[in-house]
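Peer 1: If you read the protein sequences in the order shown, they are chains A and B.
Note that full-length UniProt numbering has the first sequence beginning at 1, numbered continuously upward.
Note that full-length UniProt numbering has the second sequence beginning at 1, numbered continuously upward.
Derived from the structure by calculation, the hints contain no laboratory data.
Among these hints, one or two may not hold up.
[Said to hold, decoys possible] Pair by pair, the computed Cβ-Cβ distance ranges are: (1) S287/B x D54/A: 33 to 41 Å; (2) A27/A x S171/B: 52 to 60 Å; (3) D182/B x R78/A: 21 to 29 Å; (4) R201/B x A42/A: 43 to 51 Å; (5) E283/B x S82/A: 19 to 27 Å; (6) R328/B x E105/A: 55 to 63 Å; (7) G46/A x S171/B: 47 to 55 Å.
Given the structure is predicted, the values throughout are model-derived calculations rather than measurements.
Every residue gets a Cβ at the ideal spot worked out from N, C-alpha and C, and that includes glycine.
For reference, the chains in residue letters:
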Amino acid sequence: MTDAVSARERILARVRAAVANAPEAAAVARDYRTSHTADDPAAVLGLLHENLADYRAHVHRTAPDGLAALVAERLAERGARSVAVPPGLPDAWLAATDAVRRPDEPRLSPYALDGIDAVVTGCALAIAETGTIVLDGGPGQGRRALTLVPDLHVCVVLAPEQVVASVPLALPRLDPGRPLTWISGPSATSDIELDRVEGVHGPRTLEVILVTGG
Amino acid sequence: MGMPSFPEAAREAVGDTTLRANLRHATHTIRDKRARAVAELDDWAALREAGKRIKDDTLRHLDTYLVRLEAAVTAAGGTVHWAADAAEANRIVTALVRATGETEVVKVKSMATQEIGLNEHLEAEGIAAYETDLAELIVQLGEDRPSHILVPAIHRNRAEIRDIFAEKMGSWGRPAPDGLSDTPAELAEAARLHLREKFLRAKVGISGANFMVAETGTLVVVESEGNGRMCLTLPETLISVVGIEKVVPSWRDLEVFLQTLPRSSTAERMNPYTSMWTGTTDEDGPSAFHLVLLDNGRTDALADEVGRQALRCIRCSACLNVCPVYERAGGHAYGSVYPGPIGAILTPQLRGTSSEIDASLPYASSLCGACYEVCPVAIDIPEVLVHLRERVAEEGGKGHRLEKAAIKAASWVLDRPNTLAAVERLASATRKVHPKRLPGPGARQWSDHRDLPELPAEPFRDWWRKNRP
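Model the full structure from these sequences, guided by the hints.
Peer 2: Listed below in structure tokens is the structure:
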């Protein structure tokens, strides 16, 4: 490892020599907006709905007592006969579906996950201005592979408590120590003639259920 | 490097009408979309200024932030390696792959690994590296070179992509479906099927990163397709090769770049997937994480007080999409993995200007300034281009002697106001006999397509003397 140590010292020495006479950088002024949206939960939720849909997520709303039926309906509509279940997902959410439950305990192999039609999860939070859902591996979300390999992701967002307006409002609520996945619509690519096409490697269908009035 | 100089390569590219049509279509599509996505944020100027200053602070104290990053990554279960140049980085990665006993790796698009020629190196060492980004796959299967930072296969249209998939997929793994059409959705589906088997069996993933947060040790990869998530999540070992300038000081700094990067690159409010990870996590994702910090010429750029601003670059590629020169010449003419305006200032700084191609890059621009205007971290690309031209001229390479002589004559006249006035008056008085075209081989070509500006009847300074109040 002597080589590695010397590379480290060499690079750091070169950096120090390169900036030795450089002027101090101007202080960072954070005079950009914390949010671009009025501080009104209904407006923020409306914006989230609109932006998720704009990037081809399918968005639904329900009161808490309609959640189980809506989850069952979305799975049935997409022909999902099996569903991966992250640890900590409330039993009630899957109470109405007859899809086969595939708990991730013990961990399902990538091949096993590839054979499962859908996954149902909660989330850590959602960002209205960008139409983004953030998963942090907490209860009811599971490890990252779980929401990646199955082709249908049904994600439940509890409003208003899990919804923030903007990226600057989202970051302080997230723990960088946890693996984070930010999801804005289904998998997509712009690689063919810079034109956006939905559906490449991640789930090709993203169903988002906004639960209100909880 | 045996690369032809930019003018030579560009001449050939400009003659390729398919290439020109592909580039024009793609760059114009994204240009308008970007403008709309940026217009949604009325504080864009403030975000741009903040991004610039965060990066300037990072660069000014790069040693501090790198050491902080190393400590945070290590504390979170990762291992940090340092590579002074491409050869060292390739050696480190090869040894890490060897140690796993595997002979294939899956890769998520990374400019740094392209820069160091990692795939070629691994291949020579008997390790197969599979590119998984759709455009990278097109480039790899077509045995082609990338021509755009964001969309390496931008020079290919859908019909060409269909042909490459139909012909080549079979020899790399699962063949393309029979009767594959050229609709983008079907092409994306073919890539999904072809790569899925590779993702599921992969034991080693290799990535770059868009950002590394010094404060927390968090790496960030921004992508669209989900191939990044596959490479970052499914393998047991993850190796990330990242340029030292990709560090940002604090977690909070991401609030700026996660707003400016997606809108500048794919013209989206947010890209479909962003992955953030800090070291390793029990029961979730790779159990071993290696970060290879790459210098490879970056400290040379850092030492140049004008040129160092190029290291602010967050690789959005907005400058490529608005550049009139890139639009016509295409990415290959730049002879580097970093094409377009940013490439014209980055490549000569990373590699030096001793080769013909690298010495010609600072001239691959009309200095129109569109690149500076769209840059989300306010890199004054024209300023750096002019600075690098000076450097090339100082070094006195071939083809720059005439320019030097002309500049010398001009500065002699400009330093002598009386002589200048006399020359101006002479020029005005002889207007009637001025040619419409310039003589001489280079100059005549230029004026073949342009009219020379007409000189005014009298020099401004004479007019001013007569007319000022």
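Peer 1: Look at each hint and say if it fits the structure.
Peer 2: We went through each hint and held it up to the structure:
Distance hint check for S287/B and D54/A: the Cβ-Cβ separation is about 38 Å, which falls inside the suggested range of 33 to 41 Å. With their beta carbons about 56 Å apart, A27/A and S171/B fall inside the hinted range of 52 to 60 Å. Between D182/B and R78/A the CB atoms are about 28 Å apart, so this pair conforms to the stated range of 21 to 29 Å. At roughly 48 Å, the beta-carbon separation of R201/B and A42/A lies within the given 43 to 51 Å, and the hint holds.
Judged by the Cβ atoms, the range 19 to 27 Å given for E283/B and S82/A holds: they are separated by roughly 22 Å. The given range of 55 to 63 Å is respected by R328/B and E105/A, whose C-beta atoms sit roughly 58 Å from each other. Separation of G46/A from S171/B is about 51 Å and conforms to the stated range, judged on CB atoms against 47 to 55 Å.
Going through the hint list in order, the structure satisfies each hint without exception.
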